[in-house]
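Number of protein chains: 4
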Amino acid sequence: MQSKEVLRFGMVGGGLGAYIGDVHRKGATFDDQAELVAGCFSRDYEKTLSTGKAWGVDPDRLYRTADEMAEKEGAREDGIDFVIIATPNYAHYSAAKAFLQNGIHVVCDKPLTFTVEEAEELRDLAEKNGLLFCVTYAYSQCAAVKQAQMMVKNGDLGEIIMVSAEYPQGWLAPEDVGNPWRTDPKMTGISNCVGDIGTHVENTVSYITGLEIEEVCARLDNFGVNRTLDTNAMIMVKYKNGAVGNYWCSQVAIGYDNALTVRVFGTKGSLEWRQEEPDYLKVTMLGGPQQIWSRGNDYFYPEAKVMSRIGAGHPEGYYESFANLYLKFTSALLKLKRGETLTEEDLDFPDVKAGLNGVKFIHRCVESSQKGSVWVKFN
Amino acid sequence: MQSKEVLRFGMVGGGLGAYIGDVHRKGATFDDQAELVAGCFSRDYEKTLSTGKAWGVDPDRLYRTADEMAEKEGAREDGIDFVIIATPNYAHYSAAKAFLQNGIHVVCDKPLTFTVEEAEELRDLAEKNGLLFCVTYAYSQCAAVKQAQMMVKNGDLGEIIMVSAEYPQGWLAPEDVGNPWRTDPKMTGISNCVGDIGTHVENTVSYITGLEIEEVCARLDNFGVNRTLDTNAMIMVKYKNGAVGNYWCSQVAIGYDNALTVRVFGTKGSLEWRQEEPDYLKVTMLGGPQQIWSRGNDYFYPEAKVMSRIGAGHPEGYYESFANLYLKFTSALLKLKRGETLTEEDLDFPDVKAGLNGVKFIHRCVESSQKGSVWVKFN
Amino acid sequence: MQSKEVLRFGMVGGGLGAYIGDVHRKGATFDDQAELVAGCFSRDYEKTLSTGKAWGVDPDRLYRTADEMAEKEGAREDGIDFVIIATPNYAHYSAAKAFLQNGIHVVCDKPLTFTVEEAEELRDLAEKNGLLFCVTYAYSQCAAVKQAQMMVKNGDLGEIIMVSAEYPQGWLAPEDVGNPWRTDPKMTGISNCVGDIGTHVENTVSYITGLEIEEVCARLDNFGVNRTLDTNAMIMVKYKNGAVGNYWCSQVAIGYDNALTVRVFGTKGSLEWRQEEPDYLKVTMLGGPQQIWSRGNDYFYPEAKVMSRIGAGHPEGYYESFANLYLKFTSALLKLKRGETLTEEDLDFPDVKAGLNGVKFIHRCVESSQKGSVWVKFN
Amino acid sequence: MQSKEVLRFGMVGGGLGAYIGDVHRKGATFDDQAELVAGCFSRDYEKTLSTGKAWGVDPDRLYRTADEMAEKEGAREDGIDFVIIATPNYAHYSAAKAFLQNGIHVVCDKPLTFTVEEAEELRDLAEKNGLLFCVTYAYSQCAAVKQAQMMVKNGDLGEIIMVSAEYPQGWLAPEDVGNPWRTDPKMTGISNCVGDIGTHVENTVSYITGLEIEEVCARLDNFGVNRTLDTNAMIMVKYKNGAVGNYWCSQVAIGYDNALTVRVFGTKGSLEWRQEEPDYLKVTMLGGPQQIWSRGNDYFYPEAKVMSRIGAGHPEGYYESFANLYLKFTSALLKLKRGETLTEEDLDFPDVKAGLNGVKFIHRCVESSQKGSVWVKFN
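Chains as they are written, first to last, in this note's numbering: chain A, 1 to 379; chain B, 1 to 379; chain C, 1 to 379; chain D, 1 to 379.
So here's chain A without its partners, still in its complex pose (with noise of 0.2 Å):
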């Protein structure tokens, strides 16, 4: 009945019970651009069923495999314009590969893939096949963290010489958590806090203030219960620029729940963004008092108040972060579909690259660690 054009999309991974399926199946929807039509939700086919029974997906299109999916849903006629894959990250690599290869478009969990290689394949091979590739790095979303990056880019900080940038969780501090899979490298890659959350921290800096990472320094600890992986890394990073970059990420930080927060320093100003308070910046400019600007006011770059979606003191938070990620996405895929040529502002989402870089920010942060806490290259 949807007379607007809607994209097909299906999902791999994310069936009921999976914390992060039903956030990205809402945020896909959220905007009316996009309905699920397909899927292989989980490895186990009755959880698939039954996932597929309770979201109204024709059955036909509930396939056993990603690949298979790929297969089928790239061969038909109405087959899945995009698809989310939102798995454990051991799986991310050859599902993506498999949907490239068929067609279609990719939207993928963080951590891209395993190694840099993986990654950079998906990066060629989506650039050759022309298929628009998004990896939901959902925090840089926030109409704030637009505004902030838009401060930057507008050079209203001036030169950026410092960031300091953090986050702290606190959820593998309890003996009796055990080891969730993203504790097992067979599950989630060489690393754990800097793959999981680490990774974050490496993208939204780099989404607000563009700069290049030169080198790290990282030392990677496993605090806490006896686990394989790192729960908490401290980080030092040069920027090509010559500024430099703080960083921490920890699971075991009591007192914590999902406080990323990132602060930059330039020669003019500064500005701080916290996660867990998503609508609000701190910016202070030289000589002047802190401020605390609040999405959804006029004071906003227009660029940034476009983003916001409900007014000032209405808090937007985590599923919008994804509606605007996905909004963004599939916004360029119409276009894309329609014929028209894709502007700058049109990609303006975590794309490949970005997944890329965070794949190359883990092995450089573990390799530095392994030897020693030294001072590695980042290219």
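Everything labelled a hint here was simulated from the structure, so no lab data went into it.
Heads up, some of the hints might be wrong.
One copy or two, either will do: identical chains are not told apart, so a pair holds if it fits within one copy or between any two.
[Unchecked claim] SDA-like mimics (lysine to any residue), calculated; alpha carbons at most 20 Å apart, straight line: (1) LYS335 / GLU303; (2) LYS371 / GLU215; (3) LYS360 / GLU117; (4) LYS53 / GLU35; (5) LYS268 / ASP298; (6) LYS335 / ALA54; (7) LYS240 / GLY372; (8) LYS305 / LEU16; (9) LYS371 / GLU214; (10) LYS268 / GLY224; (11) LYS268 / ILE292.
Using the hints, position chains B, C and D against chain A.
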């Protein structure tokens, strides 16, 4: 294709461009328990048509008036299960009445009606016809507000002695804002500020504490550019249990967006909730330090924990509060349709009695202020 | 050995063990403009002796009564220039009167007297005898409060329309606190809570805004364990300029220590000051973001900047507010002794008229509450 | 006239107009345990004379050099008990040495000396001569910092695994600030930023946690206008117990005044202390909510409670931290003079070993950075 039972709903008001309409629609559909199938989205039929087209509503079910919609949908085999009334205040009463008379359950914006008598009539009609009637005081549906309610209910704070609650906004402070409909008595009723946001104070306090108002003493002022109705109100309250309350609401308080804040003081502890950081609750027990309770953590009561959608530290916001309200309402309605008996817990959403109390609150405050800010009985 | 001129002062009350006595003494001597040379520190002469010994006061100048002290010090060639009265409230009037009659300048704690008539008598006596009279509303002497006053005075906030001020404490909430002297009408007067902290609200608002109270409507309650006097009060205020005020003070508000907070709303901007973070001022101008002004920075007005003792970010606290008050008082007194004319700026400390207003405020609030919380004229 | 025993002290540096001199003098005399009787307040003798006059020091005890003062005061029967050295850094060593050699106890500003060897020499000399030596790391003397220390000491936080500490300032960000003495290597030593404020980070962490540094890896930068020394430093730390630390200090961080912040993470809990709100401690125990502990309340440990001078909610600030430090130092000295044995608790103030550690910290950080930010052993 949806296999699970899904309710059908229509909407009166809230067409494209109307701020709150889309919030209602997204909230009502957030949990896949309802779909929009009919509408009279505007007094302007062209607008109803374009909105219906954008939202995929069958043109046959787009109506020129609420009365027509009530009658025809009431007569259809597959007619709507419930209607959402999201018009300006003046149209609530007649629309709600029409749907109730046609056997259709109602969700209506607040303040419910212009007069106390109208609200009582709606209450009686809903009761007589056995229909559910929800009034969208959505703030009360945040998980942390539920936690606050449970703490009071369980006696954690001891006997409640004092409430301090306020709702400052600044949006009517600038001279060039002009006269939006909320300031026009024909559209909004006898009060602007108390009607629009004072009622949120009244409802949120009532939902958390269960305290019943005995008397109010109010001072309403019309500060700022020349308008007909109040833009600022101070209200002293005596509750039936001997506790007292101090309320303030304002639309000309520069520095505030939507800063609804409720503080409840008991003989054993106190709590504070702020709408602008809805996931948190400030709690202090006698002799102990202030505590910042964060939604999603295990120390919440089960009744509040279950309302948490995503992990601690990932903000839930305004959309999610509407989704929570609609989840409760549609769950109750689905249960009712299945012939099951509704428990008190099933009916844990703001209902027509809450709506009636809001209208009473407006009238008592206006009366008090007009008589020179004397004490006026609530009932 | 001090070469610069130093004033001599005595103290009534405030002996060893009395909380506030030492604060006065340190405040009065902080800037080397006064030295303690006489005292009647207690009704218990032994305590006066031991206090005098500890503080290095010549035993000849330790007195059994305030009257004796006033008379003898007034008669000495090298008698005290001023006295500090730091007794419980009941003794303020007679002591102050005795010193004024003997030509000695007075600094007295608040609330000034039990009755309005007594306060008026002190005012007249001070005026007649040409004596300085300071009432120790010390909070008003923070640099950030001066900044707030200057902003209002200079019209930065436009016309003031609304004041919201509160002073919640929790110290009388525990049952086992018993009945300290502040709760005993013989020691404290007709009000406990309004008298002790409501007067601070009244004075701080008055100092910042210059608004004069036209009428009050108050509700006093005695919550908590059974005591004679009020422990909680809500007060609505009409000012002469048409603005309104909403005050709340409480000693049974669990979760608060000394949270005096004043918010002032004008047609062009607003500000907020909190006693517990006295170096900061929250300022918002129409259309702009909230700003956190920090004492010690250049953007403060010169009149406030000069009150800053140490650099921005190095907290000044309660002792320093007393020191600021005594610095102003002793500077004025030194100037007076040199025969110079005092300007309005020299007299920028809370004086006997401020003290009188505090006493009036108490009586009007009590009267209003006793009559059923009706409006009562202030003058 | 003082009957109780009072120590005599002199001061080197800190003459009129010197910011920190008056803070020392007020701190040292705050509790009536010491009086200023001698001084060499400036290299400019005229300034020493005028300062001495203003502060009431006998002109016979105003000296042209620290050496002269040390010798003559050491020879007097009524010579000073201790000296306060409040000069720029370059003069600390020679002055401290002179007083130690003349049997006079020393209080000296930080950083203690230019070189590690000098600091070791002072340590040895103080030890040999049985003299007390206090280094004015005053922040550690806030009651809430003592509480933090006691919580770590008592195991409340479990084993410490991670420390995050920072000290951002912005005062050197403006171009027109020029080159104050702190940026001049001849006056300040080999480091500006690490020397002045990095040492506060090091000391406060050390005081709270007792952790000993094993190795550091530092990156020092000289951002902002062209100056010789560092204005920004990131430092990674390994402690002997296996814990790690992440430090950052900056003088070009726009938006900050004096924001020393220490966060300590253990296996059972965490805490945070901020110098700009020194009365509060943020505490979280595993599984529980964040708590805001407020100085003056009963839940503090006795050792910290006793350091609280005024009631909870009445801010204590920078002056009071100096007063606390001098109270501990002079109490220990009075006890020593009475021939009593000093306990560890008596010596709970930053001593010459703390001073030595600070100097080492500076040198290790500079060495690490100069070598390309490699890991450098602390001892």
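**Item:** Hint numbers not upheld by this structure, sorted from lowest to highest
**Value:** Every hint satisfied by this model.
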